[in-house]
Every structure is written in structure tokens, then in C-alpha cells.
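Colleague: Once you've looked at the hints, dock chains B, C and D against the given chain A.
4 protein chains.
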Amino acid sequence: MLPMPEHDIDDLDTLRRRIHEFAQARAWDRYHTPKNLAMALSVEAAELLEPFQWLTPEESRELGAEQHEAVRQEIADVLIYLTRLADVLEIDLLEAAADKLALNARKYPVDKAYGNALKHSCPPGDSDFSE
Amino acid sequence: MLPMPEHDIDDLDTLRRRIHEFAQARAWDRYHTPKNLAMALSVEAAELLEPFQWLTPEESRELGAEQHEAVRQEIADVLIYLTRLADVLEIDLLEAAADKLALNARKYPVDKAYGNALKHSCPPGDSDFSE
Amino acid sequence: MLPMPEHDIDDLDTLRRRIHEFAQARAWDRYHTPKNLAMALSVEAAELLEPFQWLTPEESRELGAEQHEAVRQEIADVLIYLTRLADVLEIDLLEAAADKLALNARKYPVDKAYGNALKHSCPPGDSDFSE
Amino acid sequence: MLPMPEHDIDDLDTLRRRIHEFAQARAWDRYHTPKNLAMALSVEAAELLEPFQWLTPEESRELGAEQHEAVRQEIADVLIYLTRLADVLEIDLLEAAADKLALNARKYPVDKAYGNALKHSCPPGDSDFSE
Numbered sequence: 001m002l003p004m005p006e007h008d009i010d011d012l013d014t015l016r017r018r019i020h021e022f023a024q025a026r027a028w029d030r031y032h033t034p035k036n037l038a039m040a041l042s043v044e045a046a047e048l049l050e051p052f053q054w055l056t057p058e059e060s061r062e063l064g065a066e067q068h069e070a071v072r073q074e075i076a077d078v079l080i081y082l083t084r085l086a087d088v089l090e091i092d093l094l095e096a097a098a099d100k101l102a103l104n105a106r107k108y109p110v111d112k113a114y115g116n117a118l119k120h121s122c123p124p125g126d127s128d129f130s131e
Numbered sequence: 001m002l003p004m005p006e007h008d009i010d011d012l013d014t015l016r017r018r019i020h021e022f023a024q025a026r027a028w029d030r031y032h033t034p035k036n037l038a039m040a041l042s043v044e045a046a047e048l049l050e051p052f053q054w055l056t057p058e059e060s061r062e063l064g065a066e067q068h069e070a071v072r073q074e075i076a077d078v079l080i081y082l083t084r085l086a087d088v089l090e091i092d093l094l095e096a097a098a099d100k101l102a103l104n105a106r107k108y109p110v111d112k113a114y115g116n117a118l119k120h121s122c123p124p125g126d127s128d129f130s131e
Numbered sequence: 001m002l003p004m005p006e007h008d009i010d011d012l013d014t015l016r017r018r019i020h021e022f023a024q025a026r027a028w029d030r031y032h033t034p035k036n037l038a039m040a041l042s043v044e045a046a047e048l049l050e051p052f053q054w055l056t057p058e059e060s061r062e063l064g065a066e067q068h069e070a071v072r073q074e075i076a077d078v079l080i081y082l083t084r085l086a087d088v089l090e091i092d093l094l095e096a097a098a099d100k101l102a103l104n105a106r107k108y109p110v111d112k113a114y115g116n117a118l119k120h121s122c123p124p125g126d127s128d129f130s131e
Numbered sequence: 001m002l003p004m005p006e007h008d009i010d011d012l013d014t015l016r017r018r019i020h021e022f023a024q025a026r027a028w029d030r031y032h033t034p035k036n037l038a039m040a041l042s043v044e045a046a047e048l049l050e051p052f053q054w055l056t057p058e059e060s061r062e063l064g065a066e067q068h069e070a071v072r073q074e075i076a077d078v079l080i081y082l083t084r085l086a087d088v089l090e091i092d093l094l095e096a097a098a099d100k101l102a103l104n105a106r107k108y109p110v111d112k113a114y115g116n117a118l119k120h121s122c123p124p125g126d127s128d129f130s131e
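Chains as they are written, first to last, in the numbering used here: chain A, 1 to 131; chain B, 1 to 131; chain C, 1 to 131; chain D, 1 to 131.
Derived from the structure by calculation, the hints contain no laboratory data.
Where is the CB? At the ideal position from N, CA and C, for every residue including glycine.
Some clues are possibly wrong.
Said to hold, decoys possible - Pair ranges (Cβ atoms, derived): (1) B/His7 / A/Val110: 14 to 24 Å; (2) B/Gln67 / D/Gly64: 48 to 58 Å; (3) B/Glu66 / D/Arg30: 16 to 26 Å; (4) A/Gly64 / B/Thr14: 39 to 49 Å.
This is chain A alone, in the form it adopts within the complex:
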């Protein structure tokens, strides 16, 4: 028997369409308001946090196989909900990320931010990659 390809999702747009079909086939549109999708995404982001909560930073770099797989599944869940939310709001993920990186490059120029991810003169709420 020929080996089956694992999957054929080669880019974000294909992922977007597959998730859309998945939700449509189950008539889940009514649950997928942006508000609910943002909630679900944030629940998954916390599930992604949980395996790390009692680990030291170094331990977090050396996850065992079981933990690595659990984290991999939670990362997948976050991407799935993020893609769905962006789809429902008609936001292009890569374009949004590219624009944000460009903005961050201006907010955190190398000469100011070298070796220092901590907030300098910004109000509370800023973190290094974002505003």
C-alpha cells in the first residue's frame, strides 16, 4: 500500500478553508461569533501555559516526549482558533503579522532594545513584541 500523505495543508489559506468546512459541516456558525472565538482561543492559550507552570525556564527548554506532544496539540488548537477568528473578521493573518513586525521594529529599535526586552518608557501594557 502506498503511504498516505499525512495531510495536504501547505499554507494558511488552505488551513482557513479546511476549518471553515469543518465548522460548516457541523453547523457551528452560530457559536462562532468573534466574541466566542476569542474566548475559546484564550482558553487554549492557557492550556498551552499549563504544562510550563511549575517548570524552571531551563526545564521548559527540555520537555519530555509526552509533554512536547501535549504542547504541540495546544499550539495547534491556538492556531486553529486564531485562523477561524481571523477568517470570521476577514483579517489576513500574515499581512497583520507583517505590519505588526514593522511597527515593532520602530518601537523597539535595535540600539534601544538590545539585550533588554523589558519596558523602558512605555506605559503598563506593553510587552516586547507588541503594543
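Modeller: Frame of chain A, contents of chains B, C and D only:
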């Protein structure tokens, strides 16, 4: 003057490399333990939640221009941290998402899950897209 | 045999001491850095969110017995971690809350905030009860 | 002039009533569905996480005055929303916490959990203080 192209990030792998370069140029590797990246991602996911917290589900479908842009930036932040975390853990985002969708199709077959995103016989902790 | 009282935790300070003893007895101090405790609290807050994610606002007011009990346990978890974190940081919970309510009363005077929990002229990041 | 007492909130029940009055005076009941309150709480829990995200565990034990005050305000926000949510759901906070501690003592007996906050034979989703 010729219009500048917005950006040239056409796929997730290019995004991954740009974020890697961004962090390297600022010597931020020491901050980017998986634990810290998971924390930062979860902070951004909550920032994404905030514009929706007092809106009704219907209002959440009709964001004004300013709110839509704020949400777009938070979506970008989540994708940036997710991509960075996956990079540090050597996880392929699209492959992980494809595997998870396949798993979900088995856990939530159309005949059981049609019109019903709520948990049926699963223990607390399950949501519709994920385990 | 006389029925044992359910518990004898009548105030926050007693709760604080019981949690301290619980952690001490298990030699868990080394895990309980403020950073880790904040992470754990945020994981529990998301577990508290999860039962609500696909419910309409009205449905969320009418939880079934099983869901109500699940929510009750997650509320307990959040309080336990919050109390522990405040203890480790030597913060008095009621005093902090009272000060914050006083601050909120000034930021959201009744004449401005009546019937409107949405942000008016505040920068992103503000919600109604907090800054 | 005699110094005014900072506040007169000496117990959780008084805090509960003050928050209720605060929301009533502003006609905010319609926003305070359990779903929205759980969302707001989870947003505040992430704001509490943010000051810690790039700190080492040791640094997190030695916050500067400004950071300590920021954390104190976020802790207050979490308590305020938790108290409000419990009030709306008619859940007694201390009773719920006491019951949960008793449950945890059974799930994490000292002889098994001594020096080890990590999950032993529990399914993913368990953390040390909670189920």
C-alpha cells in the same frame, strides 16, 4: 514615487525567519524560553479578548473601524508569539494544525456534533475544536 | 458522633494560613515564586472561562447543577491561587480591593459611567472596574 | 482634621456588597452576565501575569516598588471580578475555597506530593492545587 510593497512575508516559514532575526538582532534569546513565550502568548490572547468583553455576540460581529484595527493588532501579536514558540520548540505549525483537525474530525463526527458544539460525554476540559 | 462542621475558614486570613500550611507541608515553596503563582492563577481563570465559551449570555445565567458545581470549583481555585500569591507578595487582599474600588469610583463617576461600561476616553487596556 | 480611615471593608461580604452597589449605581447589571464577568476576570488575570513575563523566578521575588504597586492593583482587579462573579452566581467564596482545599488534601496527600507539585498519575489538565 513607486509604491512600496507592504511586506514580503508570504508564508509562515518566512514569518518564522523574520521573527527569529528580530529577536536575534536584539539579543533576546535569553528571554525566549518556551515558558516565557507561552506566558507572553497568553497575555496577548487576553488582550485580544478585552475589546469583546462587554459586547453582545451580535455587537462582536460589527466592530467599528478602531476596534477592528485593535483586534487585528492583537491577532498579529498572538500569531507572532505562537510562531516564535513553535520555532523554539521545533514544531511545524501547519503540520500540527492538520494533525489536530484530523483528530477532531474523529472526536466530533458530523453525525454526533451537528448543530452542537457543547461537550457530550467528554470530561470537563474539552471544547469543540480541541481535546 | 457529632457531625463535623464542613470547615472553619471564616475569613480570608484563615484561608491564607491554611493554604500556607498546605504548601509548607508538601515542601512546595520552591514552586511558588510569584511568577509561577501568577501563571497558575491565569490557567485557573481560563478554566473558569471554559464552561461559558459557547453559551449565550442568557444561558450563562442559568447553569445546570453540574456546570454550576464545576464553575464553583474553578472560582475556588482562582481564590486559592490569588490568596497564595498575595501572601507571598505580602499584599493585603481586602485593602488592595478597597483602594482599587475607591480609585475606580473616581475614574468612573456615576454621571459619566451610568449605563455605559464601555471605555470612553481611556487608552486601550482599560475595562470598567479596573485600569 | 482627624485622619480618615483608608476604608472600612473588613470582610469579603462587605466587599461583595460594595461592588454590588458600585455596579447598581451605574446600571451595569446588563453587562454583568456570568459569561462577561468570567471574561473580564480572565483579562485581569493576564494583566497580572504581564509584569512577570520576562523576569526570572528570582527576579519575580524582588519586584521594585512600581511593579509591586502595579501587581497589587491587578490582584485587586481579579478579586473584585471574582467577588462579583461569585455574587451573581450565589456562590460563597470562602466555603467554595474550603471545600476545594479539603478535596485537594485528598488528591495530593503529603506522602505522595511532598516536594513534587508536578502531576503524577493525573490526566492532562491537573495542576497541583486544583483539578
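Colleague: Decide, hint by hint, whether the structure agrees.
Modeller: So, going through the hints one by one against the coordinates:
At roughly 19 Å, the beta carbons of histidine 7 of chain B and valine 110 of chain A sit within the given window of 14 to 24 Å. Checking the proposed 48 to 58 Å range against glutamine 67 of chain B and glycine 64 of chain D shows it is violated: the Cβ atoms sit about 34 Å from each other. For the pair glutamate 66 of chain B and arginine 30 of chain D, the supplied restraint of 16 to 26 Å holds, since their beta-carbon distance comes to about 23 Å. Restraint check, glycine 64 of chain A to threonine 14 of chain B: a C-beta distance of roughly 31 Å breaks the suggested window 39 to 49 Å.
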